[in-house]
Amino acid sequence: MESEVNGILVAAHELKAPLGLMRQLALSFDFDEQNTNELEHIRAQMVDVSERAIRQVRDLTKIAKLENGLFVMEPVAVRAICDDVVRELQSLFHFNQRELRIKYANRARLVTANRELLYSVIYNFCLNAISFSGERARSELTVRDHAGKVRVGVRDYGPVLPVDVWREMRRGWIKKPTSIPMRPGSSGLGLYIASKFSAYMDAEAGAVRHRDGTSFYVELPVSRQASLFE
Amino acid sequence: MILIVTSDLILGECIARACNDEGTVILGDAFEAIERIDELAPDLIFLDLLLTGPDGFTFLNEIASYPETARIPVVVISDLDLSGQDLAIYGVVGKLQKDTMTPEMIKKFVQKHARTLKSLKTLKEA
Numbered sequence: 001m002e003s004e005v006n007g008i009l010v011a012a013h014e015l016k017a018p019l020g021l022m023r024q025l026a027l028s029f030d031f032d033e034q035n036t037n038e039l040e041h042i043r044a045q046m047v048d049v050s051e052r053a054i055r056q057v058r059d060l061t062k063i064a065k066l067e068n069g070l071f072v073m074e075p076v077a078v079r080a081i082c083d084d085v086v087r088e089l090q091s092l093f094h095f096n097q098r099e100l101r102i103k104y105a106n107r108a109r110l111v112t113a114n115r116e117l118l119y120s121v122i123y124n125f126c127l128n129a130i131s132f133s134g135e136r137a138r139s140e141l142t143v144r145d146h147a148g149k150v151r152v153g154v155r156d157y158g159p160v161l162p163v164d165v166w167r168e169m170r171r172g173w174i175k176k177p178t179s180i181p182m183r184p185g186s187s188g189l190g191l192y193i194a195s196k197f198s199a200y201m202d203a204e205a206g207a208v209r210h211r212d213g214t215s216f217y218v219e220l221p222v223s224r225q226a227s228l229f230e
Numbered sequence: 001m002i003l004i005v006t007s008d009l010i011l012g013e014c015i016a017r018a019c020n021d022e023g024t025v026i027l028g029d030a031f032e033a034i035e036r037i038d039e040l041a042p043d044l045i046f047l048d049l050l051l052t053g054p055d056g057f058t059f060l061n062e063i064a065s066y067p068e069t070a071r072i073p074v075v076v077i078s079d080l081d082l083s084g085q086d087l088a089i090y091g092v093v094g095k096l097q098k099d100t101m102t103p104e105m106i107k108k109f110v111q112k113h114a115r116t117l118k119s120l121k122t123l124k125e126a
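Residue numbers (the numbering used here), protein chains in the order written: chain D, 1 to 230; chain E, 1 to 126.
No wet-lab data here; the hints were simulated from the structure.
In this text the structure is predicted, and so the values were computed from the model without any measurement.
Hints are not guaranteed to be accurate.
Calculated lysine-lysine pairs in the DSSO-like style (CA-CA distance at most 30 Å, straight line) [unchecked claim]: (1) Lys98/E <-> Lys112/E; (2) Lys112/E <-> Lys95/E; (3) Lys95/E <-> Lys107/E; (4) Lys65/D <-> Lys16/D; (5) Lys95/E <-> Lys16/D; (6) Lys16/D <-> Lys107/E; (7) Lys108/E <-> Lys98/E; (8) Lys16/D <-> Lys62/D; (9) Lys16/D <-> Lys98/E; (10) Lys16/D <-> Lys108/E; (11) Lys149/D <-> Lys103/D; (12) Lys95/E <-> Lys108/E.
With the rest of the complex left out, here is chain E:
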């Protein structure tokens, strides 16, 4: 299951379409995403850093602080210049820019990370 956190529902739908093989949930703000993350247990998160209300960094800080959620891979979506920032400590595995991202780029992250965690879960259950 893939969690998409963005205040822009049209953008959220576009990302969900690109993930079409996987279940997706779109949430519009950081607080709701923080509240529901345990219940949803996503395999991968696409996170728009520019959210209404508390921004994406609030969400990143929160999930990084718990061992259960710190391992969830996050792809941030932003046009901000993040070159000086080490986002790997938040579990960020990639960055997409709104101006240049394509469905193929989104699919690559899904194939790499959602499948990886799925196979780990399958191994554990076996």
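The following block holds chain D by itself, in its conformation from the complex:
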């Protein structure tokens, strides 16, 4: 019961923020004073904020459905998923004066995963990087081969993940949304979603501490069908 209430509280906290922003943006409209470009800018921000909130609600719904086994595992072109995520978040990175660099260094092109869930994992890692990098900082999305698997990682140059949180993750990733010190305003919901989806896909998820930031990654098994292309 307690974990159910905690989960509801976390979801409520995460969804309150975009609603508050939508309210501020709506209050910002001044049809007498603002020109078309300014009005269009506010409108675009409202669409962007609401779409992110809708995505988060969808991810929360998916978590509830994971137990039903409705998400099919199949060969997935990992670079194509990354390209799609980057395309969706490009304007957000640009608006927040952040840069996302992509580096593909994987030979294996296909992994065994669920397309929707993998998309959400990478999306949440990238969103995390936007939120917790300094202004004009760059983040790096890399895809590379690692120990017979394919590792998709997002490196940010924000506050370093506290060592006790890192240790918790090593013990078994994130069991429930946990607010991370030095990353205030975050309930850890995005990382919790990423960890649940990774676990469903039997993928290994983890974090690497750096002196000047943190990398979050998910490692996926190479699809046997990949050998047909090599």
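Starting from the structure of chain D, add chain E where the hints point.
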């Protein structure tokens, strides 16, 4: 000039729009704001307490420790319950809650404080 310190740039833009008669600068973290405060010499600061990295209290402590910056009025923006805390010692002149603040509330702080300091500066220069 009004300094807005928040990690949420969309929120920062909304506050800047409400201050539309005054020059505004939006900074995303406490360290940069501390570094640049002397250069910017703001008349008023809107400070989001929930910042990425060091929080708003770090910024408040820092500016309160120097006579040149201790006098700058600060409006904190937060949904935290600050009822037990005496923030006036940090130069905090008001508090806005993210859930309920409006452009009119922001304008009132600008009219009261930015104008006050402007007129004091004008008197000194005369």
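List, from low to high, the hint numbers that the structure doesn't satisfy. none
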